[in-house]
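In case you want the letters, here they are:
Protein chains: 4
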Amino acid sequence: MVDFFPSASRFGDADKPREECGVFGIIGCETAASHTALGLHALQHRGQEAVGIVTTDGDRFFAERALGLVGDTFADSTVLARLKGSAAIGHVRYATTGETILRNVQPLFAELAFGGFAIAHNGNLTNALKLRQQLIDNGSLFQATTDTEVIIHLMARAQNASTVVERLIAALKQVTGAYSLICLTKDSVIGVRDPAGVRPLVLGRLDGKPVLASETCGLDIIGATLERDISPGELIVLHTDGRVESFFPFDAVASRFCVFEYIYFARPDSDLNEKSVYAVRRRIGMELAHEAGINADVVIPVPDSGVPAAIGYAQAANLPFELGIIRNHYVGRTFIEPTDQIRHLGVKLKHNPNRAELKDKRVILVDDSIVRGTTSVKIVDMVRQAGAKEVHLRIASPPTINPCFYGIDTPSKEKLLASNHTLEEMRKYIGVDSLAFLSVDGLYRAVGEAKRNKEMPQYCDACFTGDYPLPLVDMTPEQKGKKRKALLHC
Amino acid sequence: MVDFFPSASRFGDADKPREECGVFGIIGCETAASHTALGLHALQHRGQEAVGIVTTDGDRFFAERALGLVGDTFADSTVLARLKGSAAIGHVRYATTGETILRNVQPLFAELAFGGFAIAHNGNLTNALKLRQQLIDNGSLFQATTDTEVIIHLMARAQNASTVVERLIAALKQVTGAYSLICLTKDSVIGVRDPAGVRPLVLGRLDGKPVLASETCGLDIIGATLERDISPGELIVLHTDGRVESFFPFDAVASRFCVFEYIYFARPDSDLNEKSVYAVRRRIGMELAHEAGINADVVIPVPDSGVPAAIGYAQAANLPFELGIIRNHYVGRTFIEPTDQIRHLGVKLKHNPNRAELKDKRVILVDDSIVRGTTSVKIVDMVRQAGAKEVHLRIASPPTINPCFYGIDTPSKEKLLASNHTLEEMRKYIGVDSLAFLSVDGLYRAVGEAKRNKEMPQYCDACFTGDYPLPLVDMTPEQKGKKRKALLHC
Amino acid sequence: MVDFFPSASRFGDADKPREECGVFGIIGCETAASHTALGLHALQHRGQEAVGIVTTDGDRFFAERALGLVGDTFADSTVLARLKGSAAIGHVRYATTGETILRNVQPLFAELAFGGFAIAHNGNLTNALKLRQQLIDNGSLFQATTDTEVIIHLMARAQNASTVVERLIAALKQVTGAYSLICLTKDSVIGVRDPAGVRPLVLGRLDGKPVLASETCGLDIIGATLERDISPGELIVLHTDGRVESFFPFDAVASRFCVFEYIYFARPDSDLNEKSVYAVRRRIGMELAHEAGINADVVIPVPDSGVPAAIGYAQAANLPFELGIIRNHYVGRTFIEPTDQIRHLGVKLKHNPNRAELKDKRVILVDDSIVRGTTSVKIVDMVRQAGAKEVHLRIASPPTINPCFYGIDTPSKEKLLASNHTLEEMRKYIGVDSLAFLSVDGLYRAVGEAKRNKEMPQYCDACFTGDYPLPLVDMTPEQKGKKRKALLHC
Amino acid sequence: MVDFFPSASRFGDADKPREECGVFGIIGCETAASHTALGLHALQHRGQEAVGIVTTDGDRFFAERALGLVGDTFADSTVLARLKGSAAIGHVRYATTGETILRNVQPLFAELAFGGFAIAHNGNLTNALKLRQQLIDNGSLFQATTDTEVIIHLMARAQNASTVVERLIAALKQVTGAYSLICLTKDSVIGVRDPAGVRPLVLGRLDGKPVLASETCGLDIIGATLERDISPGELIVLHTDGRVESFFPFDAVASRFCVFEYIYFARPDSDLNEKSVYAVRRRIGMELAHEAGINADVVIPVPDSGVPAAIGYAQAANLPFELGIIRNHYVGRTFIEPTDQIRHLGVKLKHNPNRAELKDKRVILVDDSIVRGTTSVKIVDMVRQAGAKEVHLRIASPPTINPCFYGIDTPSKEKLLASNHTLEEMRKYIGVDSLAFLSVDGLYRAVGEAKRNKEMPQYCDACFTGDYPLPLVDMTPEQKGKKRKALLHC
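Chains as they are written, first to last, in this note's numbering: chain W, 8 to 497; chain D, 8 to 497; chain B, 8 to 497; chain Z, 8 to 497.
Each hint should be verified, as a subset may be incorrect.
Stated by the list, open to error - For lysine to aspartate or glutamate, the following EDC-like pairs were computed, each having C-alpha atoms within a straight-line distance of at most 16 Å:
1) Z/Lys180 - Z/Asp258
2) D/Lys366 - W/Glu431
3) B/Lys366 - Z/Asp258
To be verified - Per the computed footprint, the stretches of chain W lying under chain B, defined by three or more beta-carbons under 8 Å from a beta-carbon of chain B, are:
4) 118-127
5) 139-153
Said to hold, decoys possible - Anything over 10 Å on all C-beta distances counts as not near chain D; from chain Z, calculated:
6) Thr38
7) Ala117
8) Glu118
9) Asp144
10) Arg164
11) Arg212
12) Thr232
13) Arg250
14) Ala259
15) Asp367
16) Arg379
17) Arg434
18) Lys458
19) Glu462
20) Glu485
The set of hints was computed from the structure by calculation and includes no laboratory data. Every residue, glycine too, gets a C-beta built ideally from N, C-alpha and C.
Chain W with its partners taken away, still in its complex shape (with noise of 0.2 Å):
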């Protein structure tokens, strides 16, 4: 799908689930600080709108917080040369609005009995609200709305244990959800991932010394070498002198990783659990070519999102894959659309119709999931105006029926096309000549399975079947977007 009304996002598309958050440490490193800036650029795609990264010389610590691109802020030499130090960690995220901007750009950092403590967060903690009250009771004073800042309280008033991780386990032994932490010690970084692994976190080497990112390509860019993907439920120190010390503290559960990182959110080029995105992709669009075919003349991806799998979907069916719209991607700032006559050409901003490989032709369109499918209409109308004679959109998803509440953003369950219509209503409304949706079990296909394990499914999929895997303590799917959201997650 698409952007055609990019005003709550620079980048990020409005119809498209929103994206989450970026985290990435390094240590051992004199060029920590640039380091960082380059792994968060690379993982830019997982959050537009703030950035911050915070380093340590082994006293002091160093902060830099900005709205904007990684570029826009951390490009500058200047503000590298204050980030001292040869340990860092960097967040990037999605919008924070309002007041409380400033305050919710991550890594959080504060003073605590042992020293000072920088943490970064991937994910959503669902008990966060009900934590949070029981700390304010207890004279805590909250800073910023964001459920991250739950785990540093829980920490400061873990005054049994006597070692930072020990007062880290401690307090994330209290939480519940999802979450990938990078973390910042005077002379460690400190990773964890969520018992059940929702998010990914993955370990680098650059030079013998440690680094951790969301995703491999925060590694290629520094020229890291991937070591291995961090375990579900696995807490991992890294020290200055390139040590790794590895702990499982929490009772172990099933994995489920989130499905959904394979088929929209992570770059194509990284790898994940050992498995190329791009590759995933193509066999996405190949396992809808044989559940889905159809006579055509020509195979049209919705740029940027769309195209692997249209590669795959043009291979397995043997048609011509053509560049049928074209993506801008210069950007700036969001334009604001003053008058009516300007908000309807909203979907040219970022896409333009490529006639000549339209005009009178039978086209499959090809897109990875649909929303609230507002943008789809806009698409397809596109489409026909250049002269497709059909249109037969095929999406590389199973339908989005469910909201996520393990770190994305996407719209309530009355919101989602495809929890409220049937297909042929879908259909008529989106104005295609046929859609498809890919199935459960042939997307567990594309990821290397023979099928969905029913009884203990191999991934997190909640958002096609419903099953939520972690307890949902602060808010039920069916109280989204009527209770009150009270804290910012990522």
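Given the coordinates of chain W, assemble chains D, B and Z onto it according to the supplied hints.
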């Protein structure tokens, strides 16, 4: 080719022929400024460093100029609201530097004896230095350092002319070189294309009112329909009521449209001279496959400019097309590489190998052109380190051996790799298993000619052939890079 | 004395006891934010480096904080428009530096269990460091580095208290030191003055609604009438309907108002404790003339702070009063002196000799105090170079020999000129023909007392006498300048 | 008088004749830019809205221009570092508004046939509009809207002249009006004062190198010694080696220095024509006491400009001088008064009554001049509300009844209170018990003349007498305020 060291330009590729400029104009439209901003946004690929819009309400003129992308400044409705009036022209340009920055951002504006006059210019005047000195000797005061300012001074001195159009014609009859101009007076928008028609300029209609743009993609974004290309040597006057007057005030010469617009400059979804740019590029890839086919496993484009030719190559060669290199479009300000350790990572800021598609493969790499060749070396190295077994580089244009003097910022002859090296020397320098360029006749076939007409070439191809169709008064190819360049062009 | 090297502060005189802070509050006023901005503008002399305003509409709270002068930020009606509501408090403070800048700008704000709470503080808590450590040991997380934050954490922990006023009292009973506080809750403005009443705080009325300000000039600017000084140890609650409740929750102690407010800090047009500051200063000048008269031609003030005392001196001595030194009030940002050649010109940035009034004259120079003495040296040198025949320096206060711990930023004991030198040593160092300070009893006479009551001094005069009325828990005078200062105060 | 409504200008008093401009130049000095910044800082009272400096290293020219105070921009050593070279000129000016802002900030710079040339101007050309139209008719292109630009165009056209000095003389021979100019060429600084010497210009020496400034306070701040005033009609060329050439290229006319410089414009510590400004103002106060003495308790100045005259008045009348009105010098940006409630407080932004010195007193209030009179009304009302028993207003100049055309921004005739009202009408309007102005002869006595020479007045006093010494080509006093004013002057 690829931007390994993007220090000079935010988006521009340092080892590319740098882009020129884009122009846009509209009249009789209540949202003239907004539409101009959108038109320039669609033309952003023609110049990313500065942007300006001038409007008129028939009495006063309003101007806003800024460095950066269109969307950085003109997405703001308060800025647009200051640009009152129903006629507007705009301009995007590549880098201007130093103190001259603001004075050189176009459109230029002057109060002439007949009233306000604004001018936006794409191209390069080849006798501007000489004219400028004559004007200074006669008491004219220059404010900026662009060639375009010469035109305004010549108009101010054209005291025999009784109308603004006559003054403009009198001025243009004194200049040589390439130009597509859009000008604004208090009651008209004027477009002019030089007699050889080197640079593009198209006329469209929106709700009956005329629109001018460098390329058709500038019409598409606002929903305007293409009426026709402005002819070489044509001067066209657009009126508020939609009336269009056409003049041919110059002596006729043979048309010599810039062939490089098809190869690299124009957007693939534009039509130039009624030819689809995308289709020309795909045919170029097909010609290249026929001229220089080789056994391989996969065809990989250097994104984004190499993609259409790679698709064409893959189709003609019946090989799989895959995204083996992923481009990161998030840029922000240019990263300044502070240390050697970071500097060698430069290429990674924009491109990352998609290892799964390269490892153990025989790769055909398709790029649009080679200028200095420095970046090709790094892209190829990146592909090899990702595990490619063989790398065969195919260039979608003939060898670039001469600088341009008609509106494109190219390095001097001695810096052009192909100007000083044999094919085998280039192959070794870049480090590929084989290297091939498209032939000049292959290029002409791709644009639909049987072959290049040596007596009267159908296009300006001076960069490939050294055959300069327009007089070079201020500077010869040999002086380029030695003579201190006095004027910016666009 | 005079600011020869204004490097630390835009307006503050580096060789002065640096100013402390100013506070303002108003309730029941539709233009609460505008009036607060004006009140702070009138209190600008109490702090030029940062300013903040917090308002409430009875439900939400609105905050704006900035570095610089009140007028730099709050003259802008769009900023004021964001500060909704009919109750507001504000704060001006002297320099905060480094990364702590934004977090330390007051009013501080916190969401407490009973709702939002903002606090603005003039003074210094003398046991804040000790309390802070205890709170951290119990799991409180501190965000800023001001002593004021301790009060909020103590309130958050005061879980036995049932109202916000009870919580505030419970917190204040644990602190020692000097404070005039203005706090904001969703339905009240609260003012408190410490039991000894070291810092000023006055109550006024505007159209029947109560107003609080550090000095009466803060009332004058908005047209409010002075009702009375808040009493030492009084806590006062202002309600929207104009009602004012008064409490005396602390054990009574003897009143010890800061006598330096009369000498230098307060504005001359303010009344403190029903005494005109201007009149006190003129009487100081008169006492000085009686105690240390000398034959001369003219009395010259060091502007601006020496002017009232010089007028009094001239009247008592029956000598002409002339502006022999002209002060340049245009400042902008501090000039950074790049070279030695420029640096020695430093004194001239603010002061220029008025030669015609100095040349060949016997000059009595009147200044308010001597701290380090470095600037006196330069002022005197300037006056001598302008041709003065004799220079007699008269200081409108006793010798400053001790640092302040109650809200004024003074250097440590070893940096105070009078602490380590005899009168004759000082005279030689400064280079004057004669030097005299006001006596302590002369100072008490000027404020209307017969003399200083040694058993129970009527004022806090610790800087002159070493008699500190309030306990010094965190730091002794001997530790000042040696112990790393942990907290900012105001 | 006083700035009740400071909406137009940050520091300027709206009901004052607005200030003109200040100029500075230095050559042969390694820190030319820094010294120029300091000199302009000392001349800041002559223009607070914009500032510019141009320097040369003998080859290239460097320029920095900014809105705001000198210290806002030029206190920054990185800005100064960009201003390379040992020769510099600078300019401060009052408000420029709208889009013209940046183009009109002086010094103006142009590349002329003989090389770069910068010009800074204090004064006003009275035939600039006429000359400008002639130049436009002949093909000159104007960039700014100041009268000064005419001089540069005339120089560009002076093709018979062989040197830059000859070109400048040729240009100046065509203009009428008042000007003190400082110009910069690549190897000299040139100073010129118009034949009547309306505006001041002084020559000083620093370490043997020549310095030019509008007033002597501009010399004092950098430690330069006054050498002499530039004579009316003198053109002076300063060389790097310290050599000074003097020319008198114009026909001699009678000297007519602006007497208002003594009354209000110049700084009190400056000497103009070897007279101390402060001493003249004190004598004005003395003359005023003799001419218009009255029984009273205290003499109160309207600060700051009324202070020296009030001191003189008090001395002559043997009455106490007291600061009965306190001025707040902290300003920042202008406060915008959003509501009526706030607007009527306007006067309080800068002035507050010192009640103890006004209550129950018979007050003689001394101000320098009355322009519109609106602010006098408010000051007097403020003094009365503070309890003054009687208020007697004494004005330290004759009634202002005519606008200035020689460099001072005054309102048109119908807006000048004294132009349309009798003394008694004015007394009632302002609301004082008595009102008196200084007589014209009293003013001449204060500046050291026996009386005004009616045949050949010693000063330009057109604002008081209507006797305009220089031709008014572009506009007559009657046209002022009606004709659309085309050019800014300085």
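Taking the hints in turn, this is what the structure says about them:
1. Under the criterion of a C-alpha separation no larger than 16 Å, the hint pairing Z/Lys180 with Z/Asp258 is consistent with the structure, at around 9 Å.
2. Of the pairs offered as hints, the one joining D/Lys366 and W/Glu431 is violated, with about 43 Å between alpha carbons and a cut-off of 16 Å exceeded.
3. Taking the CA atoms of B/Lys366 and Z/Asp258, the gap is near 39 Å; set against the 16 Å cutoff, the hint is violated.
4. With a cut-off of 8 Å between beta carbons, the segment 118-127 of chain W has 3 residues touching chain B; three or more are needed, and the interface restraint holds.
5. Counting residues of the segment 139-153 of chain W whose beta carbon lies closer than 8 Å to any beta carbon of chain B gives 8, which meets the minimum of three for the stated coverage.
6. At roughly 21 Å, the least C-beta separation between Z/Thr38 and chain D is larger than 10 Å, which holds for a residue marked as non-interface.
7. Non-interface call for Z/Ala117 relative to chain D: violated, since the shortest CB-CB distance, roughly 5 Å, does not exceed 10 Å.
8. Z/Glu118, annotated as away from the interface, has a beta carbon of chain D within 10 Å; the closest lies near 6 Å.
9. Look at Z/Asp144: its CB is around 6 Å from the nearest CB on chain D, not clear of 10 Å, so calling it non-interface is violated.
10. The Cβ of Z/Arg164 sits about 4 Å from the closest Cβ of chain D, inside the 10 Å cut-off, so the non-interface label is violated.
11. Listed as a non-interface residue, Z/Arg212 keeps its Cβ farther than 10 Å from every Cβ of chain D; the least gap is roughly 32 Å.
12. Under the 10 Å C-beta cut-off, the non-interface status given to Z/Thr232 relative to chain D holds; the minimum distance is some 35 Å.
13. Here Z/Arg250 stays apart from chain D, with its beta-carbon at least about 30 Å from theirs, past the 10 Å limit.
14. Against the 10 Å criterion, Z/Ala259 stays outside the reach of chain D, whose nearest CB is about 30 Å from its own CB.
15. Distance to chain D confirms Z/Asp367 as a non-interface residue, since its nearest Cβ pair spans about 54 Å, more than 10 Å.
16. Every CB of chain D is more than 10 Å from the CB of Z/Arg379 (nearest about 30 Å), matching its label as outside the interface.
17. Distance check on Z/Arg434: its Cβ is at least 45 Å (rounded) from any Cβ of chain D, clearing the 10 Å threshold; non-interface status holds.
18. Listed as a non-interface residue, Z/Lys458 keeps its Cβ farther than 10 Å from every Cβ of chain D; the least gap is roughly 48 Å.
19. Non-interface call for Z/Glu462 relative to chain D: holds, since the shortest CB-CB distance, roughly 43 Å, exceeds 10 Å.
20. The claim that Z/Glu485 is not at the interface with chain D holds, since no C-beta of that chain comes within 10 Å of its own (minimum 28 Å).
Violation of the numbered hints given earlier is confined to hints 2, 3, 7, 8, 9 and 10; the remaining hints are satisfied by the structure.
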